[in-house]
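Peer 1: Chain residues, written in single-letter form:
2 protein chains.
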Amino acid sequence: MSSSISPIRIGIVGVGKIVRDQHLPALAKDRDYQLIAAASRHGKVDGIVNFPDIETMLGVVPELDAVSLCMPPQFRYEAARKALEAGKHVFLEKPPGATVSEVEDLKALAAKQGVSLFASWHSRYAPAVEAARIFLASTNIKSAAIVWKEDVRRWHPNQDWIWQPGGFGVFDPGINALSIATYILPAMYITSAVLDFPVNRDAPIAAQVAFRAANGSDVTMDLDWLQTGPQSWDILADTDAGQMVLSGGGSKLAVDGNIVHEEPEAEYPMLYRRFAEIVHAETSDVDLAPLQHVADAFMLGKRNVVEAFFD
Amino acid sequence: MSSSISPIRIGIVGVGKIVRDQHLPALAKDRDYQLIAAASRHGKVDGIVNFPDIETMLGVVPELDAVSLCMPPQFRYEAARKALEAGKHVFLEKPPGATVSEVEDLKALAAKQGVSLFASWHSRYAPAVEAARIFLASTNIKSAAIVWKEDVRRWHPNQDWIWQPGGFGVFDPGINALSIATYILPAMYITSAVLDFPVNRDAPIAAQVAFRAANGSDVTMDLDWLQTGPQSWDILADTDAGQMVLSGGGSKLAVDGNIVHEEPEAEYPMLYRRFAEIVHAETSDVDLAPLQHVADAFMLGKRNVVEAFFD
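Protein chains in written order, with the UniProt record's numbering: chain V, 1 to 311; chain D, 1 to 311.
Be a bit skeptical, because a hint or two may be false.
Identical copies look the same in the list; a pair holds intra-copy or inter-copy alike.
[Said to hold, decoys possible] Here are the simulated DSSO-like cross-link-like pairs (lysine-lysine), alpha carbons at most 30 Å apart as the crow flies:
1) Lys302 to Lys149
2) Lys44 to Lys29
3) Lys112 to Lys302
4) Lys107 to Lys142
5) Lys142 to Lys252
6) Lys142 to Lys112
7) Lys29 to Lys107
Note that these hints are calculated values from the structure, not bench results.
So here's chain V without its partners, still in its complex pose (with noise of 0.2 Å):
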């Protein structure tokens, strides 16, 4: 892009983890960006202009083109439409919303106020999966198979929304393994489910999911968010071209047991270089096979009650 555009003047909304960690760090090195207000129940950004909630934000900061809405999914619709009809580019962390319905309603919104809406998927943009989708594309898959086992003690320490009804559990981080299979696997579709609940909690802490893909081929998924030590974010595909194994999350593709495909990854910078390409193309980019395949499994699947769960 070019540099005589004017940056997009952008506020965060939602001052937890996430945005410390990613999305501070990505918008302070890309020049396309000023990072001009926040807005935060707790949280504040150093150095700008901090509000308690987004319609005072957007009330006193009338200049701002965007807002990145990182609060809990269960709060972003609400957020999101008011964005919207404010006229703002709204960038959506993942997952875009509680549900399905509500986000093809924001879609609609966007596309009738003339403005960008990106629903992303950062896990999308781990280095390895474009190469992935290549290899995928160029053979014939027999079977293939998603592993995402992590500690939840460690990713989301006392996290108490992720335990919430609309919190997802452990299809959290399920839906980062799930944005990179629907991207790089053909068309597929969820044939039983079986969702492990801790009976002081309105979420699952496991799940093993078993989808048909449209060739015929199996493809499952095993969530576990006990994971001690070494932690799999796995996912591994048997094919006519040998064995592949997408691994690291995304950052790292080996066929056959050789490395074909590794460096470091960016994927909060990339979300934003693809938020940026969407604002100036007046365009949206708006997939919710991810989320479709959540809300499917929570609909068909069967509820098993497991032991309770303490931080």
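Starting from the known structure of chain V, arrange chain D on it as the hints suggest.
Peer 2: Same frame as chain V, now just chain D:
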């Protein structure tokens, strides 16, 4: 439709209660159809050739133009795919599948095959639904309430599949309510839900769902499967033009207590009229909004465990 067009040669799959009660009488009276075959694990239809499964039926009776799929939703996708691949038009009983993604896949396959796919919603063809839609479109809706309370022992005696994962439970009648609501009310999305699961069952027996409509008004849905005595299948709306009550599952419309529309129901005859219409127009009719709301309710909803249910 002109009587010079040959009748649609149709086969019916999954011969259970709804087929005997509704599909067979509707087809028997409609000169645009010729029912020539049936396939079912258990049931049989007198006077035509019967098969144990759809594969055998499709192989032995290649002159079939269309199939009507009435087995439980968990088994509908595979059968639909086989029928579409064989070039048949497909009528799907409600709900059209066990997941939203699989029906989207069928929709794409029907388009590719150049045949018609019909996701049928029989309650949309209840006699007063169109009058309710016209009334609501002409006024401002302040709030609405969906109240669907029936006795599962009376309407679904010993139907084990309905209690299994993917069987929908109380959302099986509830999706009828949603098929009307999504047709007569503005676009809406779920803001919260509570689902009651009997301790010995894998599907809910009651649900309370809160929606917000695009115009900001609140819509509630109250589903209950333990209502004995009078049964409630009502949609109420408080509007600038008065209090609307659409009762009897869409059969009777009253405004401020005055009945404005009432006539005998003819849902299934009208469904088969609609199917013939889309077959002759070479188009499909697949609206997934009712199923999407059910998936969203399962994803966003809080689960309560309630006392065991026995038929």
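Peer 1: Determine for every hint whether it applies to the structure shown.
Peer 2: Tested hints:
Proximity of Lys302 to Lys149 under the C-alpha cut-off of 30 Å is found in both arrangements, the shortest distances being 20 Å within a copy and 24 Å between copies. Taking the shortest Cα distances, Lys44 and Lys29 sit within 30 Å of each other inside one copy (19 Å), while across copies they are farther apart (70 Å). With identical chains, the CA atoms of Lys112 and Lys302 are never at most 30 Å apart, being 39 Å at best within one copy and 33 Å at best between copies. Proximity of Lys107 and Lys142 under a CA criterion of 30 Å is satisfied inter-copy only: 24 Å between copies versus 35 Å inside one chain copy.
Taking the shortest alpha-carbon separations for Lys142 and Lys252, only the intra-copy value of 21 Å comes in at or below 30 Å, while the best inter-copy value is 54 Å. With identical chains, the CA atoms of Lys142 and Lys112 are at most 30 Å apart between copies only, with a shortest distance of 24 Å across copies and 43 Å within one. In the homo-oligomer, the alpha carbons of Lys29 and Lys107 lie at most 30 Å apart inside one protomer (29 Å), although the nearest pairing across protomers, at 44 Å, exceeds that limit.
Hint 3 from the list above is the single one not met by this structure.
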